[in-house]
Every structure is written in structure tokens, then in C-alpha cells.
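One line per chain: the protein sequences are Y and A, in this order.
Mapping of the first sequence onto numbering that gives the first Met the number 0: position 14 corresponds to residue 13, and the numbering continues sequentially without gaps.
Mapping of the second sequence onto numbering that gives the first Met the number 0: position 50 corresponds to residue 49, and the numbering continues sequentially without gaps.
Bear in mind the hints are in silico, worked out from the structure with no lab data behind them.
Where a beta carbon is used, it is the ideal one built from N, C-alpha and C, also for glycine.
Among the hints, erroneous ones may be present.
As the list claims (entries may be wrong) - In the PhoX-like style, the derived pairs of lysine-lysine whose C-alpha atoms are separated by at most 20 Å in a straight line are:
| no. | chain 1 | residue 1 | chain 2 | residue 2 |
| --- | --- | --- | --- | --- |
| 1 | A | 471 | A | 394 |
| 2 | Y | 36 | A | 377 |
| 3 | A | 215 | A | 240 |
| 4 | A | 471 | A | 343 |
| 5 | A | 497 | A | 117 |
| 6 | Y | 36 | A | 466 |
| 7 | A | 394 | Y | 36 |
| 8 | A | 18 | A | 46 |
| 9 | A | 263 | A | 97 |
| 10 | A | 394 | A | 101 |
| 11 | A | 24 | A | 151 |
| 12 | Y | 36 | A | 101 |
As the list claims (entries may be wrong) - Short derived list, chain Y residues pointing at chain A, Cβ under 10 Å:
| no. | residue |
| --- | --- |
| 13 | 17 |
| 14 | 19 |
| 15 | 25 |
| 16 | 31 |
| 17 | 34 |
Stated by the list, open to error - Computed footprint of chain Y on chain A; a stretch qualifies when at least three of its residues, placed anywhere within it, have a C-beta under 8 Å from a C-beta of chain Y:
| no. | stretch |
| --- | --- |
| 18 | 91-101 |
| 19 | 160-171 |
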Amino acid sequence: MSLNLKANIIRPDDFYQELIDMQRDMSEDDVQLMNAKLILVLANHIGDQETLSEAMIVARG
Amino acid sequence: MLNTYTWPEYDYVQSEDQKNTATIKRHPVIVIGAGLIGLSAALDCAKRGIPVIVMDDNNTVSIGSRAVCYAKRPLEIWDRLGVADKMVEKGISWKLGKVFFKEDLAYEFDLLPEEGHKMPAITNLQQYYCEEYLVEEVLKHSDLIDLRWKHKIISLTQHDDYTALQVETPDGVFTMESDWVIACDGANSNVRDMVHASFTGQFFQDRFLIADVVMKADFPTERWFWFDPLFHKNQSALLHKQSDDVWRLDFQMGWDVDPKEATKPENVIPMIQAMLGQGTEFELEWVSIYQFACRRIDNFRYGRILFAGDAAHQVSPFGARGANTGIQDIDNLIWKLKLVMDGKAPDSLIDSYDEERAFAADDNLLNSTRSTDFITPKNRASRYFRDAVLELSKKYDFARPLVNSGRLSTPTPYVNSPLNTVDEDVFAGTMHPGTNCIDAPIVRDGEDGWLLNQLGDGFTLLVFGDKPGKFKISSGEISADVITVGDDFEDSQGLLTKRYDGEKGAVYLIRPDAHVTARWRTFDENKIIAALARATGQE
Numbered sequence: 000m001s002l003n004l005k006a007n008i009i010r011p012d013d014f015y016q017e018l019i020d021m022q023r024d025m026s027e028d029d030v031q032l033m034n035a036k037l038i039l040v041l042a043n044h045i046g047d048q049e050t051l052s053e054a055m056i057v058a059r060g
Numbered sequence: 000m001l002n003t004y005t006w007p008e009y010d011y012v013q014s015e016d017q018k019n020t021a022t023i024k025r026h027p028v029i030v031i032g033a034g035l036i037g038l039s040a041a042l043d044c045a046k047r048g049i050p051v052i053v054m055d056d057n058n059t060v061s062i063g064s065r066a067v068c069y070a071k072r073p074l075e076i077w078d079r080l081g082v083a084d085k086m087v088e089k090g091i092s093w094k095l096g097k098v099f100f101k102e103d104l105a106y107e108f109d110l111l112p113e114e115g116h117k118m119p120a121i122t123n124l125q126q127y128y129c130e131e132y133l134v135e136e137v138l139k140h141s142d143l144i145d146l147r148w149k150h151k152i153i154s155l156t157q158h159d160d161y162t163a164l165q166v167e168t169p170d171g172v173f174t175m176e177s178d179w180v181i182a183c184d185g186a187n188s189n190v191r192d193m194v195h196a197s198f199t200g201q202f203f204q205d206r207f208l209i210a211d212v213v214m215k216a217d218f219p220t221e222r223w224f225w226f227d228p229l230f231h232k233n234q235s236a237l238l239h240k241q242s243d244d245v246w247r248l249d250f251q252m253g254w255d256v257d258p259k260e261a262t263k264p265e266n267v268i269p270m271i272q273a274m275l276g277q278g279t280e281f282e283l284e285w286v287s288i289y290q291f292a293c294r295r296i297d298n299f300r301y302g303r304i305l306f307a308g309d310a311a312h313q314v315s316p317f318g319a320r321g322a323n324t325g326i327q328d329i330d331n332l333i334w335k336l337k338l339v340m341d342g343k344a345p346d347s348l349i350d351s352y353d354e355e356r357a358f359a360a361d362d363n364l365l366n367s368t369r370s371t372d373f374i375t376p377k378n379r380a381s382r383y384f385r386d387a388v389l390e391l392s393k394k395y396d397f398a399r400p401l402v403n404s405g406r407l408s409t410p411t412p413y414v415n416s417p418l419n420t421v422d423e424d425v426f427a428g429t430m431h432p433g434t435n436c437i438d439a440p441i442v443r444d445g446e447d448g449w450l451l452n453q454l455g456d457g458f459t460l461l462v463f464g465d466k467p468g469k470f471k472i473s474s475g476e477i478s479a480d481v482i483t484v485g486d487d488f489e490d491s492q493g494l495l496t497k498r499y500d501g502e503k504g505a506v507y508l509i510r511p512d513a514h515v516t517a518r519w520r521t522f523d524e525n526k527i528i529a530a531l532a533r534a535t536g537q538e
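All chains should be modelled from the sequences, with the hints used to inform the complete structure.
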């Protein structure tokens, strides 16, 4: 598996807070749109189809 | 409504078959349907020396403008059949497009067509012009093509080696017989129903309104596509130029719209006015509403009845895949039919028509379904993703390839075809076995020309490097004509050698439909004979 599922974020609390804070006052609609954009931006950064497929399967649960 | 075009009315003539019903004459090939695909089939038959009857239940060309965009490959096929120049001259070639999202321009694109091809990447033309030019060409071949208007098939009976057809004309009903039948009678094919073929796939719960308008407005010759524009909220819209100052407008309408109400001028005109801007003068030429499906027939061959075009596969209009892929069906079929009819190849060669063209149809259906899923998201989540792509595309290059307002039709290589000989040598580039030949400029006897026009009606052996000592290579009764680059013609710009990776020497075996079927680095007659046998089902 090329997808990294080990902890990889150096300051996890900082990242999580930044994400939550950014969406705190947004409407539900804007949040959904932002999340969709975020997935697309990150997916493009990863690029590799196999890794993306693995990530999608992990997320689906 | 205004007409920029006068529909020709072709004369119905009672046939000899119907006058002399005492003896039923068996014909070699009957084509059913005189649309783009049926007329092309007739021309290809004539080109290969097959006498053919074409029958249509109507007596004019396509009413309303249906197909609009013609891609390079079908234009190349029509060039082989002698009709492309007229279409390209009358048509509108374009390469620039704009994508809008809500009130903003999201981005512009340039198709950047590769230089050094005879045919343009894409040409827009009303379907009635294409059909008219095809009819004109058909009439020049009246020695081989018998075009019969107002002939409607009402039933058929399949026998082992022929089909009996009950045909209705203004003079009544009579019987015809034919060794082979090519059904080009469109998406609602009666012939398909008569053989009880299944025609399944996906229906889309959406409707689109097409309007062809005449306007002299100063819009550029570009394809404009809107997602969720202010003038047509939550839907999509398209603007595309055709010939004679006619523009194709396409509005997504949703599933609940009442087709009768929506197509009334009092409802259509304000919608168009909002799109084009107040003050833009236009007149309606054609309005219709449609819903679409992506589906195909379970087998392109039912014994001696062969299906082509929309009768075999129906796609969404996004990406212009209907007519474009139908013409390629014909290109694939007729040379095979000719070899089988002449007893030079076994009947099983015709089965490869289904294998290759069903494969292409599935590729088209996949592309078409993907475009549809992008344009009309099926749930809230996919709508957010669609909008996210469009928002991001305004600022970031990476998102633009994700925008799918229709991927323009390109040929599907027959990568898994049993007719191919698998490469044993290494080649760079894209000309793998199963791929249609890319065109390239050449010079012959001091005159500029094109590679595709050098390929003959049969198989061709295209040689880069030393000229072989033979003009023909044969397997059974089937031959390939040898042509050598640098001897028969010059690769004046080096593009041909580059596109075919011919620098170190190369030998390409090319099918009558201009597809590569085998290639080697060196000339080896035994290998060529084996590949020729394979490509014609003789092994």
C-alpha cells in the first residue's frame, strides 16, 4: 500500500484547530463546498491514482 | 420560423423489384436508412465495387439540425469517400472555447490542434448539409448505388444466407431479398426490434432544449459553455456556431419541464434573449426538446443483418460522439464485408466488426456518461464537487482538466482486437497495432499531399527504409500493396517518420480502414504474410 496511514502530521492539534476554526462561522453550504475543494486540492497534490483509490476506500469505511 | 435552408425533396420512383413481383431478385446488400451513416455505407460499398440499394422511409435530408460537430477521423473517412472537402469548406472550423460558471468566465481553452494533418480537428456543420453532400455523391455512383426514397421496412424474415424484407412504398407492399442488410435506421431502429435485439443502458432523468437561431451578432467562433449561469439558474447552456450565421443553443431544462410548453416561442424567445443579451437580434430556425440515453445493442451482428450508427449505439450529445462514431462503424465494416462477399476471407471476419466496434461504443458510452455526470450531478454531494471544480478552475490550472463539458470525440484504438499482431519490436509514439493511422504531409512528384491519400483501397505495406524487392505481398487471395517512404513519395517535413518512429527503419501493415494491424523494424515477408492472414481472419 502506498498510502501512508501512520501519523504524519507533526502538530496534529494545530492542524485540526485550523480546520475547525476556518469552518466555524461558515454556512453548511459553504462548508460542504470548501470540503469538496479541499479534497480536490489534496488529491491533485497526491496525484497518484493508486494512492487516491486506497484513500477513497479507507474513507468509505 | 425562418429557414436559411431549403430542404430538397427527392423523387420517389417505383423500383423494378416492385413492378415485377413475379420474380424476386436477390440483392447483394441493402442499406436501411439514408441518413449520415446509411449514405456513407452506400458510398463505401460503391468505392469497393459492391452494388448496393439504400432505402429510406422519407424523401429528404435530416429535418432540423441534429449532429453539429464532426471530428477529424470521420472527416478523414469522408475524404476517402470523396465528400470531406465540401463539408470542411462549408463548415466552421474552431479551436477556442470558453467555460463560464455562474456570472464569471472560469477559463478559456485552445484545443491546440496538431499541425500537419489534412483534416481539421473539428468542423461544425448542420446535419442537413452533410446529408445533402452525401446524396450528391451517391447520385454520381448510380451505376452501383440505387437510392430509393419512401421505402419503409415493415417486417423481415432471416434465413441462413439471406434476409427477406417486406417493403412498403406509395405503390403498396412487396418483398425484397438481400444477402446482407446494413441497418442504419437510427436510435429508434425498427430493424433492431424486428430481430428482437436488446438495446439497454442508462436513461437520464433530464431534458434539453435545442434551438438553432439565425443571428448576425458579433460573437466569436468559439464554443461557450455555461454552468449554472444567471440567465438559466441551476442548469447548463451551450452556444456553438454553425454555417450560414446559424447558432446552436442548448439549454438543460430539468426532468419536470413540459416539452410542449417549453418549446413555445413565447417561452423560448425570452430565454434566448437572456442568454444572448437584450438587443441582440435573432430569429428561430429550429426548436426541439430531447432527453437522452446511453445504450447499445447487445451484438452489432445478427446473422446477415449488421447494425451501425445510432441503431447500434446511442450516446448523450456531449462530446459529439453519435455521428462521429457511426461513420467509423461503416469504415470498419465495409472492407470486411467485401472480402467475405468475394469469398477471400471467412465469414468469421464479420464477427470482428462487433468485437471492434462494440469495444469503441463502450468507450464512447463511458466518456459520454462521465460528461453527463459532471454536467448534471445526480446528488448534492456530486453537485458540491462539480461546483468545487468549477470554482477552483477560475484560479488554478490543475482543476481545468477536471471540468467536463463534453470530451470531444477521438477514435478508440482496437487495442485488444484479435486481428492485430502483437508487437515484437520496440517503437516510440502512439501507432500501436489497432490504432488509426495519423495523417502527415508528404510530397509526391513535386506536389504537396497527405499520407492518408496515399493508402489504397486494400491493405498497404508502408515501408520506412530500404525499398523491398516486391510490389505486393499476398496471403491467399488478399494482397497488400507496398509503398516506400522516400521512393513513392517524400517525407518532406520529417513529420511522417517522426509520427511512425520510422527513423531506424519500420514496416507497417495497414488495413483498408487505415488502421495499423502489425509493424516490425525489418522487412520479413513470412511475418507479413502471417499478419495479413491474421488481419483477415484466415488463421
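Going through the hints against the structure:
{"no.": "1", "hint": "A/471 x A/394", "verdict": "violated, 58 Å"}
{"no.": "2", "hint": "Y/36 x A/377", "verdict": "holds, 18 Å"}
{"no.": "3", "hint": "A/215 x A/240", "verdict": "holds, 11 Å"}
{"no.": "4", "hint": "A/471 x A/343", "verdict": "holds, 16 Å"}
{"no.": "5", "hint": "A/497 x A/117", "verdict": "holds, 17 Å"}
{"no.": "6", "hint": "Y/36 x A/466", "verdict": "violated, 58 Å"}
{"no.": "7", "hint": "A/394 x Y/36", "verdict": "holds, 12 Å"}
{"no.": "8", "hint": "A/18 x A/46", "verdict": "violated, 29 Å"}
{"no.": "9", "hint": "A/263 x A/97", "verdict": "violated, 29 Å"}
{"no.": "10", "hint": "A/394 x A/101", "verdict": "holds, 15 Å"}
{"no.": "11", "hint": "A/24 x A/151", "verdict": "holds, 18 Å"}
{"no.": "12", "hint": "Y/36 x A/101", "verdict": "holds, 17 Å"}
{"no.": "13", "hint": "17", "verdict": "violated, 19 Å"}
{"no.": "14", "hint": "19", "verdict": "violated, 19 Å"}
{"no.": "15", "hint": "25", "verdict": "violated, 13 Å"}
{"no.": "16", "hint": "31", "verdict": "holds, 5 Å"}
{"no.": "17", "hint": "34", "verdict": "holds, 8 Å"}
{"no.": "18", "hint": "91-101", "verdict": "violated (count 0)"}
{"no.": "19", "hint": "160-171", "verdict": "violated (count 0)"}
Checked against the numbered hints listed earlier, the structure breaks hints 1, 6, 8, 9, 13, 14, 15, 18, 19; every other hint is satisfied.
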